[in-house]
Amino acid sequence: MAEQPKGTTIILFSGDMDKAMAAFIIANGAASFGHDVTMFFTFWGLNALRKDERVPVKKGLLEKAFGKLMPRGVERFGLSKMNFAGLGPKLIKHVMKKHQTASLPELIEMAKEQGVKLVACTMTMDLLGLQKEELIDGLEYGGVGTYIGDASERNVNLFI
Amino acid sequence: MAEQPKGTTIILFSGDMDKAMAAFIIANGAASFGHDVTMFFTFWGLNALRKDERVPVKKGLLEKAFGKLMPRGVERFGLSKMNFAGLGPKLIKHVMKKHQTASLPELIEMAKEQGVKLVACTMTMDLLGLQKEELIDGLEYGGVGTYIGDASERNVNLFI
Amino acid sequence: MAEQPKGTTIILFSGDMDKAMAAFIIANGAASFGHDVTMFFTFWGLNALRKDERVPVKKGLLEKAFGKLMPRGVERFGLSKMNFAGLGPKLIKHVMKKHQTASLPELIEMAKEQGVKLVACTMTMDLLGLQKEELIDGLEYGGVGTYIGDASERNVNLFI
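From first to last, the protein sequence lines are chains A, B and C. Residue numbers are given in our numbering: position 79 of the first sequence equals residue 79, and the series is strictly consecutive. Residue numbers are given in our numbering: position 103 of the second sequence equals residue 103, and the series is strictly consecutive. Residue numbers are given in our numbering: position 111 of the third sequence equals residue 111, and the series is strictly consecutive.
Same shape as in the complex, but just chain A:
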């Protein structure tokens, strides 16, 4: 089976903490396994790449509203289930610490260190009014063409 290219792409569409965790755990696992890995962050998932702090950039009113309504980074994500108005994520973080599981920010750092390619969807940036200054460092920028180009050469392609 050596003829087949091995590799992974993950589209992170969702802006939920649990789904982002799953995405980064799979990405890191695949990278350890020797796969080329690309993560493509689109729609709500793009918020995973936002900086923690407020970044002063010039924006229209609607873009400002979007920016405020959406979470700045994974530390502010909620759960897709059992969120309980923010209590759920705290409980999960608590049990993760207890079991010495890597936190989401640590998983992102690990992904960068392992050479996982993190791509911010430029169409989403346009629509939601998010600017490069507001996103973390070490990203690439691209659209659906970038995604398809990588996915075409891989066999593990997930939409999360």
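Hints listed in this document are in silico derivations from the structure and should not be mistaken for laboratory results. Take these hints with a grain of salt, some might be off.
Same chains, same label: a pair holds when it works inside one copy or across any pair of copies.
[To be verified] The list that follows gives simulated cross-link-like pairs (lysine-lysine, DSS-like), each with its CA atoms no further than 30 Å apart: (1) Lys112 - Lys98; (2) Lys68 - Lys112; (3) Lys6 - Lys98; (4) Lys51 - Lys90; (5) Lys6 - Lys59; (6) Lys97 - Lys6; (7) Lys117 - Lys6; (8) Lys59 - Lys90; (9) Lys59 - Lys97; (10) Lys68 - Lys6; (11) Lys59 - Lys98; (12) Lys58 - Lys97; (13) Lys132 - Lys58; (14) Lys6 - Lys81; (15) Lys98 - Lys58; (16) Lys6 - Lys93; (17) Lys6 - Lys90; (18) Lys132 - Lys59; (19) Lys68 - Lys98; (20) Lys59 - Lys117; (21) Lys112 - Lys6.
Chains B and C: place on chain A using the hints.
Relative to chain A, chains B and C alone:
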């Protein structure tokens, strides 16, 4: 890597506007890239293929209720997040127009023009009581076997 | 195209009845088609593998709370849409019986009979405090490495 077949299948399970947009953007991107593309519409995603207008067909009570409770076509879909009782989709449509992004009905037309194969899940049609007359033109009809047959020959297979 | 390995993996992350049904229908379809099939149950999806009855095991307080808040098995799953406080799943089960569609417990049995490999995510078991005694028989246990190992050799890899 020429030995590997290139191609895309997308299962649209979700009935959310944002996820349907992602599905059609990827499908159109893959088709432009030269992929054979199949989209398989199942469960709530099947509603993306419903005609906009009410179609008079004979149905049982339960099927009538399902038909009324579920949206007729993508224009009536809500968002998976920040729906705000229907305000969210309006805002998104507004910014899409502003950025001259193709609307969801335009993306569906584009997919047809590019030869993307649109398959309505017949099991879902049976369960929810949706009939061919209620769905848009230019569809194929099939079950899980149709999906697996196509996915087996492709490498980019997504569930949305 | 004989050079390409054919096979399917499905990550069931979601704990919704409709998504679990989709996952098992695809898994069974792929197995009938001759694919090697692995299903990996993680996060909320792990609840699909819980026994129906309460199993007396020793647990901490938090693990007890998680165990009670999450559904014991697929028969207690809700719908991702139109759940209507539990009425939705009953309606769906009703129409499924009317159309003689296999129920979710039957689909799980079928998957076992067809040799679908069912893997319980051990990291999730640790985090949520679920123990082997609480899960149904006939499972394998593994982490992300187990998943990547199988997905690397397959071309249909879905995240549900």
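*From the Cα coordinates, with 30 Å as the cut-off, is the pair Lys58 and Lys97 best called within, between, both, or neither?*
This pair counts as between: shortest inter-copy Cα distance 21 Å, intra-copy 38 Å.
*Homo-oligomer pair classification [Lys90, Lys6; C-alpha up to 30 Å]*: neither (36 Å within a copy, 41 Å between copies)
*How do Lys132 and Lys58 come out at 30 Å by Cα distance, when the copy is not named: within, between, both, or neither?*
within (12 Å within a copy, 50 Å between copies)
*Up to 30 Å CA-CA - Lys6 versus Lys97, copy category*: Neither: 33 Å inside a chain and 39 Å across chains, both beyond 30 Å.
*Given a CA cutoff of 30 Å, do Lys132 and Lys59 count as a within-copy pair, a between-copy pair, both, or neither?*
Answer is within: at 13 Å inside a copy they meet the 30 Å cutoff, but 47 Å across does not.
_If the cut is 30 Å between Cα atoms, do Lys6 and Lys81 qualify within a copy, between copies, both or neither?_
Cα proximity of Lys6 and Lys81: none, with 33 Å in one copy and 34 Å across.
*Indicate which option fits the pair Lys112, Lys6 if close means a Cα-Cα distance not exceeding 30 Å: within, between, both or neither.*
Result: close both inside a copy and across copies, 19 Å intra and 28 Å inter.
*Indicate which option fits the pair Lys51, Lys90 if close means a Cα-Cα distance not exceeding 30 Å: within, between, both or neither.*
This pair counts as both: shortest intra-copy Cα distance 20 Å, inter-copy 28 Å.
*asked:* For Lys6 and Lys93, with the copy left unspecified, which applies at a CA distance of at most 30 Å: within, between, both, or neither?
replied: neither (33 Å within a copy, 38 Å between copies)
_One pair to classify: Lys117 and Lys6, alpha carbons no more than 30 Å apart. Within, between, both, or neither?_
both (15 Å within a copy, 22 Å between copies)
_One pair to classify: Lys68 and Lys98, alpha carbons no more than 30 Å apart. Within, between, both, or neither?_
between (32 Å within a copy, 20 Å between copies)
*Give the relationship of Lys112 and Lys98 under a CA distance limit of 30 Å: within one copy only, between copies only, both, or neither.*
within (25 Å within a copy, 35 Å between copies)
Checked against the numbered hints above, the structure violates hints 3, 5, 6, 10, 14, 16 and 17; every other hint is satisfied.
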